[in-house]
Each structure stands twice: as C-alpha cells, then as structure tokens.
Amino acid sequence: MIPAQFEYVRPSSLDEAVTALAEAGEDAKVLAGGQSLMPLLRLRLAYPDALVDLDRIDALREIRDEGDALVIGAMATHHQVFRDPLVNEHAPLIVEATATVADPAVRHRGTFGGSMAHADPAADLPAVAVALDAVFLARSVRGERAIPAAEFFVDWMTSALEPDELLTGVRVPKLGPGWGVHYEKFRRTAQAWSIVGVACALRRDDGAVAEARIGLTNMGPVPVRASAAEDAIRGRPATAEAFREAAGAAAEGASPPTDLHGSAEYREHLARVLTARAMAAAAAV
Amino acid sequence: MTEVGAPRKRSEDDRLVTGRTRWTDNIQPQGALHVAFLRSPHAHARIEGVDVTEARRRPGVVAVLTGADFAAEQGSLPCAWPVTEDIRIPDHPPMAVEEVRYVGEPVACVVARDRYAAVDALEEIDVDYAPLPAVVDMERAVQGDGGLVHESLGTNESFTWVFENGDMDAAMRDAPVVIERRYVQQRLIPTAMEPRAVLCVPEGDDFTLYSATQIPHILRLMLAVVTEIPEHRIRVVAPDVGGGFGSKLQVYGEEVLCLLLARRLGRPVKWTESRSEGNMTTHHGRDQIQRLTLAADRDGRIRGLKVDLLADMGAYLMLVTPGIPILGAFMFNGIYKMDAYSFTCRGIFTTKTPTDAYRGAGRPEATYAIERLMDELAVELDLDPIEVRRRNWIRHEEFPYETIAGLTYDSGNYEAATDKALALFEYDKLRAEQADRRERNDPVQLGIGTSTFTEMCGLAPSRVLGSLSYGAGGWEHAAVRVLPSGKVEVVTGSSPHGQGHETAWAQIAADRLGVPFEDVKVLHGDTAVSPKGMDTYGSRSLAVGGVALYNACDKVVDKARRLAAHLLEAGEQDLEFSGGRFSVRGVSEEGRTLQEVVTAAFAAHDLPDGMEPSVDADATFDPENFSFPHGTHLCAAEVDTETGMVRLRSYVAVDDVGKVVNPLIVEGQVHGGLAQGIAQALYEEAVYDAEGNLTTTTMADYLVPSAADLPEFTTDRTETPATSNPLGVKGVGEAGTIASTPAVVNAVVDALRPFGVDDVPMPCSPERVWRTLRDARGKAAGQGSGTQPGAGGGLGSVGGAQ
Chain A
1 MIPAQFEYVR
11 PSSLDEAVTA
21 LAEAGEDAKV
31 LAGGQSLMPL
41 LRLRLAYPDA
51 LVDLDRIDAL
61 REIRDEGDAL
71 VIGAMATHHQ
81 VFRDPLVNEH
91 APLIVEATAT
101 VADPAVRHRG
111 TFGGSMAHAD
121 PAADLPAVAV
131 ALDAVFLARS
141 VRGERAIPAA
151 EFFVDWMTSA
161 LEPDELLTGV
171 RVPKLGPGWG
181 VHYEKFRRTA
191 QAWSIVGVAC
201 ALRRDDGAVA
211 EARIGLTNMG
221 PVPVRASAAE
231 DAIRGRPATA
241 EAFREAAGAA
251 AEGASPPTDL
261 HGSAEYREHL
271 ARVLTARAMA
281 AAAAV
Chain B
1 MTEVGAPRKR
11 SEDDRLVTGR
21 TRWTDNIQPQ
31 GALHVAFLRS
41 PHAHARIEGV
51 DVTEARRRPG
61 VVAVLTGADF
71 AAEQGSLPCA
81 WPVTEDIRIP
91 DHPPMAVEEV
101 RYVGEPVACV
111 VARDRYAAVD
121 ALEEIDVDYA
131 PLPAVVDMER
141 AVQGDGGLVH
151 ESLGTNESFT
161 WVFENGDMDA
171 AMRDAPVVIE
181 RRYVQQRLIP
191 TAMEPRAVLC
201 VPEGDDFTLY
211 SATQIPHILR
221 LMLAVVTEIP
231 EHRIRVVAPD
241 VGGGFGSKLQ
251 VYGEEVLCLL
261 LARRLGRPVK
271 WTESRSEGNM
281 TTHHGRDQIQ
291 RLTLAADRDG
301 RIRGLKVDLL
311 ADMGAYLMLV
321 TPGIPILGAF
331 MFNGIYKMDA
341 YSFTCRGIFT
351 TKTPTDAYRG
361 AGRPEATYAI
371 ERLMDELAVE
381 LDLDPIEVRR
391 RNWIRHEEFP
401 YETIAGLTYD
411 SGNYEAATDK
421 ALALFEYDKL
431 RAEQADRRER
441 NDPVQLGIGT
451 STFTEMCGLA
461 PSRVLGSLSY
471 GAGGWEHAAV
481 RVLPSGKVEV
491 VTGSSPHGQG
501 HETAWAQIAA
511 DRLGVPFEDV
521 KVLHGDTAVS
531 PKGMDTYGSR
541 SLAVGGVALY
551 NACDKVVDKA
561 RRLAAHLLEA
571 GEQDLEFSGG
581 RFSVRGVSEE
591 GRTLQEVVTA
601 AFAAHDLPDG
611 MEPSVDADAT
621 FDPENFSFPH
631 GTHLCAAEVD
641 TETGMVRLRS
651 YVAVDDVGKV
661 VNPLIVEGQV
671 HGGLAQGIAQ
681 ALYEEAVYDA
691 EGNLTTTTMA
701 DYLVPSAADL
711 PEFTTDRTET
721 PATSNPLGVK
731 GVGEAGTIAS
741 TPAVVNAVVD
751 ALRPFGVDDV
761 PMPCSPERVW
771 RTLRDARGKA
781 AGQGSGTQPG
791 AGGGLGSVGG
801 AQ
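Protein chains in written order, with this note's numbering: chain A, 1 to 285; chain B, 1 to 802.
To be clear, the hints were calculated from the coordinates, so they are not data collected in a lab. Yeah, the Cβ is synthetic: ideal placement off N, Cα and C, and Gly gets one too. Watch out, some of these pointers could steer you wrong.
Stated by the list, open to error - Facing chain B, a subset of chain A residues (Cβ under 7 Å, in silico):
(1) I2
(2) R188
(3) T189
(4) G262
Looking at chain A on its own, in the form it has when it is part of the complex (with noise of 0.2 Å):
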C-alpha cells in the first residue's frame, strides 16, 4: 500500500515546530523517526492532514545531566540512547530495553521520544519508563508542562499529550548504587514485539531486596506497572523462590489483550514466569 496526501512540514527549530503543529490543527502527525507511523501510513491506517518532521531539530537529539536525573531528547534515536556513556551510567535499564528493540536498521531510525509518544502498549521502552518514574516534558505555543510516567500512557496508543503538544524529551531518575536491573523479553521471532515483557529494577539490602520497580509491556492498553508483585517482594530474600512467590502477583490488576501471538489468559501466566526471571536476574542471583 501507499499513503492517501499529506502535507509535510520540516521546522529547523523547536519554536517553528510548535508553531507549525498548532497551525495543522487536530490531524497532524509528529514525524519522529518513521518507524512506526509509516507502516501505519502505508497501510492507510492513519489519515493525518500532516506531518511535522522533527528530523531537523538537533537540540531534540541531546541527552544531559541534570544532577539527580537525566533528559534523553525525544529525537535521540534507539542507538544513540543504547551507546551514550551517561545512559549506560545511571539508566542501565533503558540500555537493556533498548536493545531489544526491532532490529538495527529501526533502530538506527527510530527515536525513544517516538516510541513514547507513540504510546504502543507492545512497545517496550513504556514500560520501562512507568517503572522508573520517568517524567514526560510537552511543549506547545501555549507552554511547557511535564507528565509523570503514570499519567502519561492513557489508552491504547493514547498519551496525555493535547494535539498541539509536542514531546521534546524524557526525564528519567538515576539509579543509586545497589540497583540491579533486567529487561525480560518474550517473543517469538527476533524481530517481533514482546508477547510480554518485564522491565525490573531491584535494589538489594544486605540479602534482602529493599526496592522493586516493575514495568510490564504488552499486559493491558496502556504499559502496566506490577504494584502487587512489588509490594510482595520488599523486604523479602533475594532468593528465586522468594521471587518466584512474589511474581505470584505480578499480573494483579492488568488487562492483557487476546491477539494472534497469545491469549490474556497465556500473558498472564508469562507475566508471573517472567516477572520472577527478570528479579531474579536484577538481583543476579
């Protein structure tokens, strides 16, 4: 298949890309990358009037330090986000993440800020950013705002950012010392989404686990965080059968989808399986 018309647009600065989204109205597209929108395009899933390209914009590119936080720019693409030194310093977990993101070429294209706002539940770094807390910075003509990670996702390849708001990057806590963390993937061919996925960030006290964030992909609408499992785990051994009665609980509260690749009934045992692999793994035990 090919698009239906569009009008595209290329601003060179953040101020012009705003501008330029507030002016195409209600069924504009951010260009972020492509990755996944132009499949959605070709097949003629999405109609927009426009598309924004942001690919100009290098100030959207950068990733800094801000002392107890990073900001990765939301056009920072999947492989630069894999080899930044500052990344792999603090948020080792978006690094493992992002690695099993698609295949090179994708990632050498695609931006962790369009996968984001592309708000794709099978999408891994979501989950990822619900359990670290990420915070999401919007702009617009009318202002910036930011977006905690728990209010961000809303629904089904729905985040919280209004038509004229873009993304223009991401603030992720840095991981203290004692952090453990883990991506667990499942899928079935190299290339394809996680059936499940288990985002886990574990911090161990003595032989205990003090803390456990868990972020799970693919496990309802919107990316799912394992508040139940978490809970069961804190203050408990690390040990696999701790993890393994904790994981009990992982899929409390999610609603996973019933689809070609597996039934919700399937994801949620995955969920359980998975979440005690990817503890135990953050624990490296």
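Use these hints to put chain B onto chain A, whose structure you have.
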C-alpha cells in the same frame, strides 16, 4: 572436469543482492499507467452493484473497470491438472463478476497516471455486496454443513482421488500394533522476498508481458488460451525474479487483466502488489487434514499404512491446485517397505485464498506424516526411533526398488547418511543429557527429533505426468551457441528466480566445452530469447534442464568434431577432445581449439561437404524417472516447560542429492530449505477468523523467522549418484523443507514425552506448547481440561490491513 564440483560464488549475486537489476517493478517504460485493484472485504458475497462514478472523476484516473467490463474477454483462469475424470472445476474469472469467494478477490480496478492516484481512487468505488455464508472449516465444508462455496456444484467436494496397493485387510487384520493419528498441515503463505509484479507493454498487435513469474513459457501459452490473443503475439519476460517457492508457479488474474488493460488502453500498464495484498491473494500452501492408520508387527516391521486426506483447495482450482496433494500420494511410504498402502484424498472448496504449490508441494505433508508416525511407532514399541526406521527402510543393496506407492527408487544409501548424521550430531551424548534433564526435572527439557526422508523430484517424466492427467509434459530444453569469437551463450528453458542457474549452467558448459567459466553467458526467462521451456519448480532445473544442457553441449562437440577432423585432415574417430581442443590421438601437438573450429565455421570458407556453417545445437531432455534425494536430519530442541518456548539447540542435515555441480549453491539451498521447514514447525500459520477474514496480512502477524531465530546448521552430504541421468544429479531445491518440519516437531514432542504428550499441533508456538503440556499434566492428574489453543483473532500491535 574442473568446474563441476567447484564451490564458485554465484556470479548473479552482486546484482541480485544490491537490487540494481531488472526487477519487474524497476522497469519504467515511458507513459506507463498504474493499476490498483479493489478487493473483496467479504469471504463470500454476491455483487449486487458497483458504482465507479466518483472514482472516475478523481484526478489522474484514466479508467475504472469492474468485472462486468471484462466479462466478455477475460475468460477463466486455467487449471492444468484435472486429477480425476469427474473433478469439479468451477469457473474462475480473473475479476469477479457476480460473486466473490475469498477476501482479496478483485472486484474492480483503477488505472491512473501514478500509483497514488490509483490507490486514492479505489476508496471512491462503492460496491454493494449481499453477504453469503463463509465456508471456513474444511471438516464442516465436506459435510456441506454451513453453505456451499459454489452453489451450482451442489457440493464443496471437488474430487476424490484414490490409490491402493497390496492387501490392506490382511495387513490390518490382527495387527499387533495399530497407530491412528490426525495431523493438521496448517495453511502457509509462501512469502517470496519480491512481491508479485506485472508490466504489460503493447506494441501494435503484439504484447510484451513482464512478470515476476517462475513460468514464463507456461504463462505465455496460458495467456493465449485464456484471452484468445494468439500465442505468437505474446512475449513473456521473467526478468530477475526475487524468489517464488511455488507461489509464482501460477497464472494469476492480475497477469491476465494487465494484458487486457494494455490492449484496451494501448499503453503500458503496471501493477505491483503490496505485502498485505500478496498475503491475501498470492496462492497459499499446505492446508491438509490427515487421518492416518499405521499397522505394524511387534518387531517394528510395518504391515500397512492408510492415508485419508482432506485437502483445502481454497475457493477455486488454480494452475495445479488439485495435483499438489496427489504428488504426496507417492511419498507417504517414505523410505520404508510395507505390504499394503492406501491413499484417499478429497479436495475441498472453502471461501479462502486458493492453495497451490509451495516448496515441496505434497511431499512435505507426506514426509511429515510418515516421519511423525515412525517416532510414534518407536514409542509404542519402546525402540529407539533410529532403530525402528532401520528395521523398515530399503537397504542400499536393494536398489533399484519398486515401492508400495508404485515408484522405482533408482538409488540411495540410507545407512550411510544416517551413520554420518548420528556421528555429527553426537546422538548418544545428547540422549544422555536428555536423560539427565528428565532425572533432574529441569524446567528446560531436551528433545531429539529424527527425519529420514526421501522425496521425488526432477519433475518429471512426461509419460508419468500423462498418466496422472497433468496437462503438459515434464521435459526441459537447452541451446548452446558458440559465438564467432569463441564465447558461449547458453539458453535454458528453466527460469531461475534465485537458484543460481547462471553460475551452475556456466560451470556445466565450461566443463563440457572446455572453455573458461567467464566465457559462458546464460540466457533465460524470456520467451523471445528462450523459445522452449517448462520453467522452474519441483527441483527440476538441474536434474532435467541441466541434463538438457549437458546433451546440447555434447551435440556441439560432435558437430565441431566433424569440422575439426576436416581441418586436421584426420578421421573423426581419430580425434580426441580435451580441454577445449581437438587433436589427433597420439599426436597432441596437432590440434584445433573449439574457438578455431567455430571461427572456421563462421567464415565457412572450407567446410566438409554438406555441413551447415554452425556448430550450435539444442537438446530437449525428458527424464525416464524421477530423482530421489534423501537424507537423515537430526534436531535437538530445548523446550522451556514454564513458557512453552522452543529453542533449537542443534541441527544436523546429511543430504544425498547425488552428484553436486556447485557445493556452495547446494549449501545455500539446504539452509534456506531448513529455514522454511522449521518455519512451518514453529512459526508460520495463515489464520482465518470465523467470518473468513485472513488475520495474518502483515509480517507482524505472519511470523517468518530470520537467521537470528535459527540455530547454526551442521550440514554434510553423502553422494549416491542418480542413475536416471548422465550427470548423476538429483535436485536440492526442496529437500531441506521436506525433511526439517518432522525433525523439529519430533524433537518438541520427544522433549515432552515424559509428561504424556504425544503431539503438538503446528506451528508449535509457545502458547500451544504450554497448553498441550498443561492439558497433559491435567489429564495425568485426572482433570484434563481438553482445551486446545485457538489461533486467536487479534492483530499485531500495528494492526492488520483489512
């Protein structure tokens, strides 16, 4: 003989891999118009009306046509294989006129100045459909339960084809072991890398039709038959073609319609399918339900095998649709001896995309059945699966051997291939590890799968095809032209679409003619260049077309010998030909190279009396018999019993494809074949919902594995030459696909045996494995839930293209 047997890198690959070549869609004639097809969103519906008024008003639109507009000239797409006398062959208009019978069937088309305008205008066409019942389930369809695909036929059954040999009653009576199974060959989408594409260029009364096809010669004839445009007015070109796997062994409606549009509009007309369009409309493969009964003695010796098949034809019979399951009839016995065999196949219509040839075509289905059954027999008798095969297979000293299915296997050595495979696989070591994991109750269990397969290829002896009611022969043609400068042009009637003919044929010609490899150019795929041919499918190119080339080269040498003798003033019988040079036996310093002889023929100043000034020759080879590659494949699979995930740990393939012209090409064919066979075992499935919608229209939902998903293959060969052709070659295009599917499923089932599992339906997806295991454990605990996983009805994250 220095070229044949050399692992030459393929000379065509630079341009194929970079794409800087003549794919049909790359050809851009001036003023070409673009076609887009409007396709039925219903599995079954009557067309009450088509309103194209708005679409015709769109900018850039040249014409909008419906099935009614083509009705007088479009004819019916051909079925060349009426397998029985009373077969029911429904009318199959290239564009639907009154009724649609599968999702994706074309109902209208837009011709426009560019592709965008054409696709945009499709959205303005208004079709009024009256839905009819979708016929999706084959077992219900055969009962006539739930509606008829073709009302006028009065039944959903196209044909029943039966083969029987031996005394089945005696074989079954009091048999100590009887194994009954039902296996399902899921529907597959061939997924060639290059989608279909057609370009038709009119030139006066003549038409040149470019198509991404495997069969330019057959297509030309069939276009003439269907459209009544005289055959000599049609030239068909298959430029470089990016894969087919049988899906381009077809005469498609779009090819007919592009020809008719070019005639109607007097301008070049082009169509290229999208991937989603192709998934819905390029013919599908497999789709059989097999009911099998195997009777054996306590010592493992097979007494008899009964095969009862339902084969899904889809909505219509296309070029060789009914013949595909029938090819399997000769292969269910595999490499084994038995006293009795019966085969019944019913071809069933459903409101789905038509099925037809897909890599292996009938033989993978048969091989799967017998190789799965051999593992079941081994379990029943508590024998090693290799041992039970050994007790039944044809021993190497028994060749040639007439099988229970009526074929004569000319040669083979199953013992040698199996011994080699077992050694490479470290079979005993893996069995020990398996025992250890079972003992430890390891969540990851290990399974070992065996497939000792054979297949029939080198399609095909024409008289056999005739006896099976096929509409054509199975010969192949080649021509050799030695140019005045001594360079050589080889013309082949077989039409490569990725197999490497340009390299292999040049190797054969270089050896036979004693010229450098680089001096040989191979021409193919154009009916104006290669006037005769039966094209490429069924692993026939080398075993039939390569032999035609071999014979044509010998004819060239014979002609040249006469002229050389004249020039050397010697008797023909006194000449020897070696290294491209004729010399008088015993007097090697006196000689003439082939180039010198050809130059002399070109000048024609001094020829023997009555000799034509040419040494060029052609040959047409019709094989006496099929060829029978065989081999032993062993697969080790790790099955995660917690998630159901299957990971292939190691895979050993020892193949016997006879003499090898280019081991690198053979290796490539085996690797690709294994990938496709493994894909059926673990990944691929075309899924229809209850309303007859294909839900796997994108590659997000139809999972084609890549190299990242496959293990490193260990390949080796034994070499038992075919006796049916002078090259001793058998063919290798399909062997890997045929062998690997049962090897993998046998391994998965073997891993789960301790839990009481005796089958996992294909593809063995993680959820299917997990559910099978859960049900088996439930049964063992006396509370079997009996649920089998449906394929689901959802879409990948990106959504399906409906």
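Do the hints match the structure? See the list:
1. I2: holds, 6 Å
2. R188: holds, 6 Å
3. T189: Status holds, d = 5 Å.
4. G262: holds, 5 Å
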